[in-house]
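> Heads up: the sequence lines are chains A and B, in that order. Quick note on our numbering: the first sequence kicks off at 97 and runs consecutively. Quick note on our numbering: the second sequence kicks off at 5 and runs consecutively.
Some hints could be false.
[Unchecked claim] Here are the in silico distance ranges between beta carbons for each label pair:
no.	chain 1	residue 1	chain 2	residue 2	range
1	A	Asp224	B	Phe54	48 to 56 Å
2	A	Asp182	B	Val168	36 to 44 Å
3	B	Thr88	A	Thr136	29 to 37 Å
4	A	Leu379	B	Thr88	46 to 54 Å
5	B	Ser210	A	Ser144	24 to 32 Å
6	A	Trp298	B	Gly265	31 to 39 Å
7	B	Lys312	A	Ser144	20 to 28 Å
8	A	Leu379	B	Ile217	38 to 46 Å
9	B	Lys312	A	Pro167	29 to 37 Å
10	B	Arg224	A	Leu143	46 to 54 Å
11	A	Ala310	B	Gly71	34 to 42 Å
12	B	Phe54	A	Ala378	51 to 59 Å
These aren't lab readings, by the way, just hints derived from the structure by calculation. The beta-carbon is built from N, C-alpha and C at its ideal position, and this holds for glycine as well.
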Amino acid sequence: MTSDVASARSGALPPATDDPAPATAPRRSRPRWVSQALLTVVALLFLSPLIWMVLTALKAGGEVFSTPPRPFGDALLFGNFSDALDYLPFGRFLLNTMVVATLGTLITLTTSALSAYAFSRLRFRFRDGIFFLYLGTLMVPQEVVVVPMFLIMQKLGWVNTFQALILPWAFTAFGTFLLRQFFLTVPMELEEAAKIDGCGHWRILRSVIAPVTAPAFAVLAVFTFINYWNSFLWPLIVTNDVSTTTVPLGLNLFLGQNGQEWQLLMAAATISMAPTILLVLALQKYLVRGIALSGLGGR
Amino acid sequence: MAVTAPIVVGGDTTATARGGPSHGYRKGDGRSAIPFLTPGAIGFLAFTLFPVFASLAMSFFDWPVLGSPSFLGFGNYSELLSDTTFRTALVNTLVFVVLYVPINIVLSLGLAAWISPRIKGRRFYRVVFFVPAVTPIVGNAVVFSLLLTPNGLIDSTMKSLFGVGAPNFLGSTSWALPAVVMMSVWQGFGYNLLVFSAAMDAVPPSLTEAASIDGAGTVRQFFSIVLPLLSPSIFFATVLTLISSFQVFTQAYVLTGGGPGSSTTTLVMYLYQSGFQFFRLGFASAVAWVLFVIIMFITGLQFLAQKKWVHYDQ
Numbered sequence: 097m098t099s100d101v102a103s104a105r106s107g108a109l110p111p112a113t114d115d116p117a118p119a120t121a122p123r124r125s126r127p128r129w130v131s132q133a134l135l136t137v138v139a140l141l142f143l144s145p146l147i148w149m150v151l152t153a154l155k156a157g158g159e160v161f162s163t164p165p166r167p168f169g170d171a172l173l174f175g176n177f178s179d180a181l182d183y184l185p186f187g188r189f190l191l192n193t194m195v196v197a198t199l200g201t202l203i204t205l206t207t208s209a210l211s212a213y214a215f216s217r218l219r220f221r222f223r224d225g226i227f228f229l230y231l232g233t234l235m236v237p238q239e240v241v242v243v244p245m246f247l248i249m250q251k252l253g254w255v256n257t258f259q260a261l262i263l264p265w266a267f268t269a270f271g272t273f274l275l276r277q278f279f280l281t282v283p284m285e286l287e288e289a290a291k292i293d294g295c296g297h298w299r300i301l302r303s304v305i306a307p308v309t310a311p312a313f314a315v316l317a318v319f320t321f322i323n324y325w326n327s328f329l330w331p332l333i334v335t336n337d338v339s340t341t342t343v344p345l346g347l348n349l350f351l352g353q354n355g356q357e358w359q360l361l362m363a364a365a366t367i368s369m370a371p372t373i374l375l376v377l378a379l380q381k382y383l384v385r386g387i388a389l390s391g392l393g394g395r
Numbered sequence: 005m006a007v008t009a010p011i012v013v014g015g016d017t018t019a020t021a022r023g024g025p026s027h028g029y030r031k032g033d034g035r036s037a038i039p040f041l042t043p044g045a046i047g048f049l050a051f052t053l054f055p056v057f058a059s060l061a062m063s064f065f066d067w068p069v070l071g072s073p074s075f076l077g078f079g080n081y082s083e084l085l086s087d088t089t090f091r092t093a094l095v096n097t098l099v100f101v102v103l104y105v106p107i108n109i110v111l112s113l114g115l116a117a118w119i120s121p122r123i124k125g126r127r128f129y130r131v132v133f134f135v136p137a138v139t140p141i142v143g144n145a146v147v148f149s150l151l152l153t154p155n156g157l158i159d160s161t162m163k164s165l166f167g168v169g170a171p172n173f174l175g176s177t178s179w180a181l182p183a184v185v186m187m188s189v190w191q192g193f194g195y196n197l198l199v200f201s202a203a204m205d206a207v208p209p210s211l212t213e214a215a216s217i218d219g220a221g222t223v224r225q226f227f228s229i230v231l232p233l234l235s236p237s238i239f240f241a242t243v244l245t246l247i248s249s250f251q252v253f254t255q256a257y258v259l260t261g262g263g264p265g266s267s268t269t270t271l272v273m274y275l276y277q278s279g280f281q282f283f284r285l286g287f288a289s290a291v292a293w294v295l296f297v298i299i300m301f302i303t304g305l306q307f308l309a310q311k312k313w314v315h316y317d318q
C-alpha cells in the first residue's frame with residue numbers, strides 16, 4: 097500500500113479507493129482530523145439553508161422571524177406538512193407532478209432505448225448523418241424552442257394538459273446519446289450468440305443489451321425524472337390551471353400569494369425536495385458514474 | 005472517465021465504424037431499423053427540429069398570439085439594438101456569467117481536491133454538496149428568499165452578532181444580482197464537484213508519488229500534475245457551465261421577478277416577458293436567437309482556445 101502512504105502525504109491526490117488508512121503519520125502540518133472536522137463544518141454551513149427550511153417548517157406562524165434566530169419553536173408542528181398539502185391545493189400539484197414525471201420518464205426511456213439501439217447496433221443509410229443531427233440539437237437551448245412549441249400546443253388544443261407537459265421533452269437527443277454511449281460498450285459477441293439462438297432485434301435489445309446496461313437506464317431515469325420534477329419555464333408557459341399545475345409552479349404561487357405563511361411554504365418546499373433527494377441517495381453510485389461519463393445531466 | 009469525456013464524443017464514429025463491417029453487418033438493416041427509429045424520430049421532428057427552424061422563421065415576423073403574423077425582415081433585431089431593457093438584460097446576464105462561472109469552477113475544483121482520500125466517507129460529502137443541484141430550483145429559491153428577506157435568518161443573525169442588520173438583499177438594486185449569483189453558486193456547483201472528483205480519482209497515484217519523491221509539495225503537485233491532467237474535464241465543465249449560465253432564469257424570476265427595477269432581468273426573463281406577458285412571439289424568438297448565437301459564439305471560442313491549455317495526452 098505504498099501508494100496510499102504517498103497520497104496520504106500529498107493530500108490532494110486520491111487513488112480510486114475509498115478511505116485508505118495511512119500507514120504512517122502524514123508529514124503535513126495539518127493533521128487529518130482537522131481537515132475532516134473543517135470539512136464537516138463547511139458541509140453543515142452549506143446545508144444550513146435546507147436545515148433552516150425544515151426547522152421553519154416545524155414552527156408556528158408567529159415564530160418564523162425572531163432576533164436572535166431560534167432554531168425551534170415552542171412545539172414541533174408536524175401538522176404543518178399536512179396543512180401545506182391542503183393549501184392551494186399543494187397536494188394536487190404533487191400528484192400532477194408525480195404523473196408527469198413518471199410518464200415522461202417511461203416514454204423517454206422507451207424511445208431513447210429504441211433509437212439508441214438503431215444508432216449503435218443497426219446499419220442503415222445516413223445513420224451517422226442522422227445521429228449527428230440529433231447530437232447537434234443538444235446544443236440548442238430550451239428557450240429557443242419554447243415559443244413555437246407554445247403555438248404547437250395551442251394548435252393541438254393541448255394548453256393545460258398533461259401531454260403538453262410531458263411530450264415536448266420526451267424525445268430529446270440526450271437520452272439517445274447517453275444510452276448509445278453505453279450500448280456501444282456491449283460486446284458484439286454477446287449479441288451474435290443471441291442471434292445464433294434465433295433472437296430478433298427486439299429480443300436482443302430486451303434480453304441481451306438492456307440487462308447489461310441497466311445502470312445506464314438508471315442514470316437516464318433519474319436525470320429525466322428530476323428534470324421533469326424541477327421544470328419551471330415550460331409549465332409556467334403552458335399551464336395556468338389547478339388541474340395541471342406542477343410543484344415548482346405551486347411553490348412560486350405560494351411565495352407570491354401569501355408572505356405570512358412561511359412555515360407552510362417551507363413545509364411545501366421540504367415535500368418538493370424529498371423525492372429528488374431520496375432518488376439521489378438511493379442511486380448515487382450510478383449517478384456519479386453517469387455524470388462522469390457524460391459530463392451532462394439535468395443542468 | 006470524465007478525463008476522456010470530450011474524446012468519447014468525437015471518438016464514437018470510429019467505434020461504430022469498427023463495430024459495423026468487421027462484425028458481419030455487411031447487409032444493411034434499414035428495414036429493421038424503421039420500427040426502432042420511428043417513435044423517437046417523430047417526436048424529434050415535431051418537438052425539436054421543427055420548432056428550432058420555426059423559431060428562426062418567427063424571429064423575422066411580427067407574430068401576435070391572436071391575429072395574423074406580418075413579415076418584418078430584420079425589424080425585430082434592429083428593434084433589439086435600440087431597446088434599453090434588452091441592453092440591461094444583456095448586461096445583467098453577462099455580469100451573472102462573469103461572476104458565476106469562475107466562482108463555480110474554482111469552488112468545485114477546490115472542494116474536489118479537499119475531499120481527498122484523507123477524508124473519511126468522501127462519497128457522502130460529495131453527495132451532500134450535490135443535493136441542491138437536484139432539488140427543484142424553485143424550492144431552493146423559495147428557501148433563499150426566507151434567508152435573505154429583512155428579519156430573515158441572515159439579517160437577524162447579523163443583528164444579534166454585530167448589532168447591524170444585513171442589507172435588504174432582494175430589494176436593493178446593487179445587492180439583488182450578487183444575491184442571485186450567490187444562490188446560483190450554492191445550487192449549481194455540485195455537478196462540477198462530481199465531475200472533477202471523478203477525474204481526480206482517475207489520476208494515477210504513481211505520478212504524484214514520483215513527484216512527491218522528487219520533493220514536490222502538495223500545492224506544487226496540484227498545479228503541476230493534477231491540474232494539467234484535469235484540463236479536459238475543466239474544459240468540458242467550463243463549456244457546459246457557461247452555456248447553462250447564459251440561460252439563467254428560474255432563480256431570478258422567483259427571487260426578484262427581475263427587479264428591483266430591471267436590475268436582475270436576464271435575457272431569458274426578457275424573452276419570457278416579451279413572449280408570454282406582452283405576447284410578442286416574433287420579438288421573443290429574436291431574443292432567443294440572439295441568446296443562441298451568443299452561446300454558439302462563446303462555445304466556439306472556447307473550442308478554439310482549448311488547444312492552448314487542454315492536454316489530452318496522458
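> It remains to establish, for every hint, whether it holds in the given structure.
Hints, one by one, checked against the model:
1. A:Asp224 - B:Phe54: 48 to 56 Å: Violated, at about 22 Å.
2. A:Asp182 - B:Val168: 36 to 44 Å: holds (40 Å)
3. B:Thr88 - A:Thr136: 29 to 37 Å: At roughly 49 Å between Cβ atoms, Thr136 (chain A) and Thr88 (chain B) fall outside 29 to 37 Å, so the hint is violated.
4. A:Leu379 - B:Thr88: 46 to 54 Å: holds (48 Å)
5. B:Ser210 - A:Ser144: 24 to 32 Å: About 40 Å separates the Cβ atoms of Ser210 (chain B) and Ser144 (chain A), which means 24 to 32 Å is violated.
6. A:Trp298 - B:Gly265: 31 to 39 Å: At 59 Å between Cβs, range violated.
7. B:Lys312 - A:Ser144: 20 to 28 Å: Distance hint for Lys312 (chain B), Ser144 (chain A) is violated at roughly 40 Å.
8. A:Leu379 - B:Ile217: 38 to 46 Å: holds (40 Å)
9. B:Lys312 - A:Pro167: 29 to 37 Å: violated (51 Å)
10. B:Arg224 - A:Leu143: 46 to 54 Å: Cβ of Arg224 (chain B) to Cβ of Leu143 (chain A): about 33 Å, so the range 46 to 54 Å is violated.
11. A:Ala310 - B:Gly71: 34 to 42 Å: Violated: the Cβ-Cβ distance is about 52 Å, outside 34 to 42 Å.
12. B:Phe54 - A:Ala378: 51 to 59 Å: violated (37 Å)
In this structure, the earlier hints numbered 1, 3, 5, 6, 7, 9, 10, 11, 12 are contradicted, and the remaining ones agree with it.
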